[in-house]
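If you read the sequences in order, they're chains A and Y. Going by my numbering, the first sequence opens with residue 180, and the numbers climb by one from there. Going by my numbering, the second sequence opens with residue 43, and the numbers climb by one from there.
Don't read these hints as lab results, they were simulated from the structure. Predicted model only: the values in this text are computed from it and were never measured. Errors might be hidden in some of the hints.
[Unchecked claim] Facing chain Y, a subset of chain A residues (Cβ under 10 Å, in silico):
#1 192
#2 193
#3 214
#4 292
#5 302
#6 304
#7 356
#8 375
[What the hints assert, rightly or not] Far from chain Y by the CB rule (all over 10 Å, computed), these chain A residues:
#9 202
#10 226
#11 309
#12 334
#13 339
#14 359
Beta carbons are placed, not taken as given, at the ideal position from N, Cα and C, and that holds for glycine.
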Amino acid sequence: MNLLGTWIAAGLTIAILSFLYRDNPFYKFAEHLFVGVSAGYWVIYIWAFDVQPMLVDEFLRQVGIEKWLLVIPAVFGLMMMARWFPAAAWVSRWPISFTVGIAAGLALTAQVQGYIIPQIQATLLPVVSIGATTAETVGQSINNIVILVGVICALLYFYFSREHKGALKVGSKIGIVFLMIGFGASFGYTVMARISLLIGRLTFLLQVFGLR
Amino acid sequence: MFQSIFILGLLAQPPANVAAFDTPNDEGSSITVTWEPSPADSGNLFLFRGYEIYRSDTPTGEFKCVGFAAAGATRFDDSNTDIQDGQEYFYVVRALTSSGHEDSPVAGPVASSAQWFNTQRVNVLAITLLISALVIYYIRRARAGDRLFVRKIAGLDAIEDAVGRSTEMGKPILYSFGLSYLNEVWTLASLSILHRVAEKCAEYSTRLLVPHYDPLVMSAAQETVKQAYAEAGRPDLYDERDSPFLTADQFGYAAGVDGMMMRERPGAVFWQGYFYAESLILAETGHSVGAIQIAGTTSVEQIPFFVVACDYTLIGEEMYAASCYLRPDPQMLGSLKGEDLTKAMILVFLAGAAVLGTAGVLSSHFFDYNGLNVLFENVVQWFNTF
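Isolated chain Y, as found in the complex:
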């Protein structure tokens, strides 16, 4: 009897210190409400059901329920689309018990607003600026005439061999961007590789087939091939019909390219771009017609299929490096060098952090000193983007 009265007495208490404030680091139309849990919120879901959050335009007006927070919660983000930036709102948090409910005092006024900068993403800004600075520095050096070294990439020599082999066999060459779009970085790298392939085709008078999945990529590729043929002194060889649009459907495109390979029997096939489940279908057909195949993709899931079915595969960033190696203009070289230095800095940083973390674990375990551990945790926390 006394126990029941005691529990009901606890249940009657509302959440304390309710605060409402504009949600930080967002695009507006969101207000965050926080509170200290009701004393009745002890984890027993039969006695305490949770919190209802109410909002109103005036402190004494009609409050409308805008959300529910489970027992144990101390925060609610009111991101309803009806919140207007600059408009003042008031909030009440209601504690729901098995025997009724209890409202907190009114919190507010509060108005939402959008922020220009997300302070939680300072790490992204810092690393982006670092990479950009390095790239700009190396581009300037390349423009000033510095010789920037790029190591040879296995598979690039094969481009010339593949074009030569096709020419000897009197067969065309097929080049595919896969399911790439023009607004993707690998498409830009692939366009550079296509330029080189087209130059070689023009040099050897070999027909180049480039079936397309995306109309914008088709336009850019046609421009690239046309320019390469002109640079090689054979603009007469360029035929726009060899660079057709097939379809923007994944397997429709795969069926079309497969049919093209079966009928045209290319001597060499280049898979350079982004691929999905159709990668093995395409590469297997290329293998079945006896073509030498050179693949390059950043799609981690599809690289294994190209590795097993193609003669050469450019793995991930090798594709970008290949485009630099083939067309070593200052912008491309500078970008690659900047990225390389960033990688070197990341390597040194990871090694240093591993030493710090290990020293932290050992000093904490053997000498009961936590300073290094705390420092290590702070470093890890700095890289948190959420």
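Same shape as in the complex, but just chain A:
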């Protein structure tokens, strides 16, 4: 059985990789199988890990007000089903609005705490930093200047209330240079990781065909 599974995996891998040449019936078969199986898998997953433990089981376990509070998400879930009936489809807008409103509210504090404050704190640096040696002083000071200039200019790039002219244009140009350097480094790093994934998959195929 394991052997059969391995051969099926190898065959589907080759079918997916055949897309590199062009769209073909083997790829179409693997694609539809993948999409269908994964959609079915997620239906079961959401039932088993979300709906059943968090709603059904909790409703049966809880007592008092906490039990009846669970009716609210259950009703919201049922309201989403109204999309099946065109005349009542508008009912689904209520749970959508609720989800969007909650998300926007939670995102505000999460962004402030998770990004804005840590970024400000990491940028609170003196331009000059005195080290134990001259080299350390120069190195640390240059480091601080790069961070300060990078953050300030990148922020200027994302300032939308004024046309980028004059000093703002110069600042935002420097900002985009910093951004692109960062993106370039990130690109190279990720490509290296992807190559290692490809090596892993090719190694699997070589093993299946007894070439390694």
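We have chain A already, so just place chain Y on it with the hints.
Just chain Y now, kept in the frame of chain A:
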């Protein structure tokens, strides 16, 4: 001989000043125990092994070991799930030596409780209130009819060009939210951009394909497209089958969208939302079918892939600004203006702090005056969220 007796004499001493108190700024069910180190806790792990913390419901009852703190520690957070808020507990800290152990006097009673406010996060509250106040102020101004300027963003003009090009070529347009969920801010921005794209598609009678990863986003997107078609006066063109759910699996979705692109050959592709490792797979396929591609994401790791594979890329917050630019209603404009003023204030603050920090370093080094340094450190400390 005398040295050994001296060491054993030290080892026999328990930790002093043991105190137990409700852990501050938490959601309850946690008690913090502190102590002064045993004199035997001198850093030699062969002679001193650490501290065991014991808990009991009564001062004379049976004490149960609830945790261990390594040598040198002076604090232990007892966050066991069996702690009941409001119930009184007593603690003993045991010093473990190579020759035995010594217990501290009993500390307590102490009861845990939940706090409504985390006083360590006052900075988060202050900045959130500041941003909220600015946003509300600008929304009111926008509603009052003030003209709030938003600069043009490169790539937005391309939306119309892309739709026009697809129409001329008789090809459909593909729009993807990536792996976005409805409870994410970028999805809301993407819905605004989709509205504009759908309006243009309705205007030019061009087919719009929107494959989905999340069922809730699918519902919201279908509503958006339907409304845009109605506003453009072409509700008859709306077809729900062009906005299908594919799968909630990352690479299953990527395979499905790739297949759709190969078969439908869209003239323009919009990648607007949150993407992960599938970004380059999607964008490369879009490029291979010759589509003009306009991407927009806040996923910093994926922006580089879109920059190299797409014709235009909205970087991070540009996506939010684009949604405001395309649909300049008071709420959107006010939010953008409020954020912009916050950014301006942060810029001024960072520059001021850099001057203060530099003055502090120089005055400390050359004039032996530490006042500015202390002030700078206090400012840095205020931004600590942990």
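Results for each hint:
1. 192: violated (12 Å)
2. 193: Status violated, d = 14 Å.
3. 214: holds (4 Å)
4. 292: holds (5 Å)
5. 302: Where the cut-off is 10 Å and the nearest Cβ of chain Y is about 5 Å from residue 302 of chain A, the hint holds.
6. 304: Cβ of residue 304 of chain A sits 6 Å from chain Y, so the hint holds.
7. 356: Residue 356 of chain A check fails; min Cβ-Cβ to chain Y is 13 Å, beyond 10 Å.
8. 375: violated (13 Å)
9. 202: violated (4 Å)
10. 226: holds (13 Å)
11. 309: violated (5 Å)
12. 334: violated (5 Å)
13. 339: violated (5 Å)
14. 359: violated (8 Å)
Of the numbered hints given earlier, the model fails hints 1, 2, 7, 8, 9, 11, 12, 13 and 14; all others are met.
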